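**Q** Fit chain B with the ligand to the supplied structure of chain A, relying on the hints for placement.
Chains A and B supply the protein sequences, listed in that same order. Using the working numbering, the first residue of the first sequence is number 1, and each one after it goes up by one. Using the working numbering, the first residue of the second sequence is number 1, and each one after it goes up by one.
Be a bit skeptical, because a hint or two may be false.
[Unchecked claim] What follows is a list of derived Cβ distance ranges for each label pair:
#1 A:Arg114 / B:Lys67: 20 to 28 Å
#2 A:His65 / B:Asp35: 30 to 38 Å
#3 A:Glu66 / B:Asp46: 24 to 32 Å
#4 B:Tyr19 / A:Asp161: 33 to 41 Å
[Unchecked claim] Simulated pairs of lysine to any residue, SDA-like, Cα-Cα distance not exceeding 20 Å:
#5 A:Lys52 / B:Lys67
#6 A:Lys89 / A:Val57
#7 B:Lys67 / A:Lys90
#8 B:Lys67 / A:Glu149
#9 A:Lys90 / A:Glu66
#10 A:Lys52 / B:Glu9
#11 B:Lys67 / A:Ala134
#12 A:Lys90 / A:Ala4
#13 B:Lys67 / A:Arg181
#14 B:Lys67 / A:Gly100
#15 A:Lys108 / B:Lys67
#16 B:Lys67 / A:Glu111
#17 A:Lys89 / A:Leu50
#18 A:Lys52 / A:Glu32
#19 A:Lys90 / A:Leu50
#20 B:Lys45 / B:Ile5
#21 A:Lys108 / A:Met122
#22 B:Lys67 / A:His107
[To be verified] Residues of chain A clear of chain B, computed beta-carbon distances all greater than 10 Å:
#23 Asp43
#24 Ile45
#25 Pro55
#26 Arg86
#27 Gly117
#28 Ile138
#29 Arg159
#30 Asp176
#31 Leu226
#32 Leu249
#33 Thr256
By construction, these hints were calculated from the structure, which means they are not laboratory data. This one's a predicted model, so the numbers in the text were calculated from it and none came from an experiment. All C-beta atoms, glycine included, are put in the ideal place defined by N, C-alpha and C.
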Amino acid sequence: MNAANSTGSLVCVGLGMTLGSHLGPLARSHIEQSDVVFAGLSDGIVELWLQKMHPDVRSLQPYYHEGTSRMQTYRQMVEAILTEVRAGKKVCGVFYGHPGVFAWAPHKSIEVARSEGYPAHMEPGISAEDCLYADLGIDPGRVGCQHYEASQLLFYQRRIDPTAYLVLWQVGLVGDQSLARFSTGAAYRQLLVEVLARDYPLEHEVIIYRTATLPIQQARIERVALGALPQADIGMADTVVLPPARTMLVDHEMRTRLDVLDRAMSDAVRDVG
Amino acid sequence: MFDVIDFLESMGQDAQLRYASSEHVVATLAAQPIDSKLRDAILAKDALGLGALLGQDSFCCYINPAKEDEAGGDSSEKDKAKKKPAQRPKK
Ligand SMILES: C[S@@+](CC[C@H](N)C(=O)[O-])C[C@H]1O[C@@H](n2cnc3c(N)ncnc32)[C@H](O)[C@@H]1O
Chain A
1 MNAANSTGSL
11 VCVGLGMTLG
21 SHLGPLARSH
31 IEQSDVVFAG
41 LSDGIVELWL
51 QKMHPDVRSL
61 QPYYHEGTSR
71 MQTYRQMVEA
81 ILTEVRAGKK
91 VCGVFYGHPG
101 VFAWAPHKSI
111 EVARSEGYPA
121 HMEPGISAED
131 CLYADLGIDP
141 GRVGCQHYEA
151 SQLLFYQRRI
161 DPTAYLVLWQ
171 VGLVGDQSLA
181 RFSTGAAYRQ
191 LLVEVLARDY
201 PLEHEVIIYR
211 TATLPIQQAR
221 IERVALGALP
231 QADIGMADTV
241 VLPPARTMLV
251 DHEMRTRLDV
261 LDRAMSDAVR
271 DVG
Chain B
1 MFDVIDFLES
11 MGQDAQLRYA
21 SSEHVVATLA
31 AQPIDSKLRD
41 AILAKDALGL
51 GALLGQDSFC
61 CYINPAKEDE
71 AGGDSSEKDK
81 AKKKPAQRPK
91 K
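Bound-form chain A, shown alone (with noise of 0.2 Å):
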């Protein structure tokens, strides 16, 4: 079918990552008005839930399998999304947290559904992120917050800044460059653990986390020296806070410079008036 006279249409949605908690008016519109709603969730209660808001809720948990690269799961998923799209239908990606935060398919499915002329956007959601704030009392504008993917630490060369915060995210698979593994372990967090240590002491204190995602729950939030991160227990779900290890310096040079520009512009000022 033509995309110009066709009815097919994509918003992909955040439900927040606690069960009845987060999900928002609009966002639960979008699901309760679609013809196809698909899930990407981390909990299969919170799936449940969805299931009650929409009669044709298809999970995409039956993607992934171990062994088999996630990156190629996660182009089925795309497939699978646009394939109802291209039939014309009105179509819901339903992602936990935000669907734009640390979540390649969604992302690319409003890409691919706009390339090929289909209406699409995404809605934001509560995100780990936004929870990770609130918890652990963290203003990412106080120091400056950095939020990286935890295998990129070991695959690239990053600059970390240890004046504010870091945020890890998918730790429990730190390392894992098949793209096939669910989970990695203390030999991989070992070596994540030597490169921040060119940063941080090895007895900073870093925070595992983890949100709840039911109601029953309560968030994880426990306190651990960097260097006993590779023994830890870290699972899929757990995101690792490191707080500054150091005070931000001050820039003198450019403090003065700002200085002689202040001068200049109240000159300014005084020769005008």
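**A** Quick look at chain B with the ligand alone, frame taken from chain A:
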């Protein structure tokens, strides 16, 4: 009919219930037509047990690749093993 998922939803979106004491949850649950095993799992805050009772396995929550466009990311280990030498993964 009101069921355990409805109960969890109301717990998630009610300011009192979300952080309620066990006694309050016990009292609220008692008024609902919910199976006693499910009720026990809720009171024990046993998410895994509750999932098992509802026929749910643990879910994979990854949806983001650490690298996209390099060799190794495109095909599975199994596929690679099956491939002929001439079909090496693209660089
Ligand atoms: C592919 S990302 C998806 C993030 C999601 N889109 C969001 O908005 O939070 C998966 C990673 O998110 C983080 N994550 C997922 N569930 C979490 C939870 N319940 N608490 C804390 N972090 C979580 C972990 O770092 C996990 O490895």
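**Q** Does each hint hold? Answer for all of them.
**A** Here is what the structure says about each hint:
Taken as a hint, the range 20 to 28 Å holds for the pair arginine 114 of chain A and lysine 67 of chain B, whose Cβ atoms sit roughly 24 Å apart. At about 33 Å, the CB distance of histidine 65 of chain A to aspartate 35 of chain B agrees with the hint of 30 to 38 Å. Evaluation of the 24 to 32 Å hint for glutamate 66 of chain A and aspartate 46 of chain B yields a pass: the beta carbon distance comes to about 26 Å. Checked against the hint of 33 to 41 Å, the C-beta distance between tyrosine 19 of chain B and aspartate 161 of chain A comes to roughly 36 Å, which is consistent with it.
Our distance criterion of 20 Å between C-alpha atoms is broken by lysine 52 of chain A and lysine 67 of chain B, whose separation comes to about 36 Å. A C-alpha spacing of about 13 Å is found between lysine 89 of chain A and valine 57 of chain A, which places the hinted pair at or below 20 Å, so the restraint holds. Taking the CA atoms of lysine 67 of chain B and lysine 90 of chain A, the gap is about 31 Å. The hint is violated against a cut of 20 Å. The suggested pairing of lysine 67 of chain B with glutamate 149 of chain A holds, with an alpha-carbon distance near 10 Å, which does not exceed 20 Å.
Taken as a hint, the lysine 90 of chain A and glutamate 66 of chain A pair is broken in the structure, with Cα atoms around 31 Å apart against an allowance of 20 Å. The hinted pair formed by lysine 52 of chain A and glutamate 9 of chain B meets the criterion: a straight-line CA distance of about 11 Å does not exceed 20 Å. This hinted pair does not check out: lysine 67 of chain B and alanine 134 of chain A have alpha carbons roughly 30 Å apart, beyond 20 Å. Pair hint lysine 90 of chain A plus alanine 4 of chain A holds up; C-alpha atoms about 14 Å apart against a cutoff of 20 Å.
For the proposed pair lysine 67 of chain B and arginine 181 of chain A, the alpha carbon gap of about 14 Å is at most 20 Å, so the pair holds. The straight-line distance between the Cα atoms of lysine 67 of chain B and glycine 100 of chain A is roughly 17 Å, inside the 20 Å bound, and the hint therefore holds. This hinted pair checks out: lysine 108 of chain A and lysine 67 of chain B have alpha carbons roughly 14 Å apart, not beyond 20 Å. A distance of roughly 18 Å separates the Cα atoms of lysine 67 of chain B and glutamate 111 of chain A; the hinted pair therefore holds under the 20 Å criterion.
Among the hinted pairs, lysine 89 of chain A with leucine 50 of chain A is consistent with the structure: their alpha-carbon atoms are about 19 Å apart, no more than 20 Å. For a cut-off of 20 Å, the pair hint linking lysine 52 of chain A to glutamate 32 of chain A stands: about 10 Å separates their Cα positions. Taking the CA atoms of lysine 90 of chain A and leucine 50 of chain A, the gap is near 17 Å; set against the 20 Å cutoff, the hint holds. Between the alpha carbons of lysine 45 of chain B and isoleucine 5 of chain B the distance comes to roughly 14 Å, so the proposed pair stays at or under 20 Å and holds.
In summary, the hint linking lysine 108 of chain A to methionine 122 of chain A is supported, as the alpha carbons are separated by about 11 Å, within the 20 Å threshold. Pair hint lysine 67 of chain B plus histidine 107 of chain A holds up; C-alpha atoms about 15 Å apart against a cutoff of 20 Å. The beta carbon of aspartate 43 of chain A is not kept farther than 10 Å from every beta carbon of chain B, the shortest such distance being approximately 6 Å. Interface exclusion of isoleucine 45 of chain A from chain B breaks down, the closest Cβ pair being 6 Å apart, not more than 10 Å.
Separation of proline 55 of chain A from chain B is adequate, the least Cβ-Cβ distance of about 15 Å exceeding the 10 Å criterion. With a least CB separation of 22 Å from chain B, arginine 86 of chain A remains clear of the 10 Å interface cut-off, as annotated. Remark: the non-interface label on glycine 117 of chain A is consistent with the geometry, its nearest Cβ contact in chain B lying 24 Å away (cut-off 10 Å). Remark: the non-interface label on isoleucine 138 of chain A is consistent with the geometry, its nearest Cβ contact in chain B lying 21 Å away (cut-off 10 Å).
At roughly 17 Å, the least C-beta separation between arginine 159 of chain A and chain B is larger than 10 Å, which holds for a residue marked as non-interface. With a closest Cβ-Cβ approach of about 8 Å to chain B, aspartate 176 of chain A is found to fall inside the 10 Å limit, against its non-interface label. Residue-level check passed: leucine 226 of chain A sits 21 Å from the nearest beta carbon of chain B, beyond 10 Å. Listed as outside the interface, leucine 249 of chain A is consistent with that label: its C-beta sits roughly 31 Å from the nearest C-beta of chain B, beyond the 10 Å cut-off.
At the 10 Å boundary, the C-beta of threonine 256 of chain A stays outside the reach of chain B, the nearest C-beta of that chain being 42 Å off.
Of the numbered hints listed earlier, those contradicted by the structure are 5, 7, 9, 11, 23, 24, 30.
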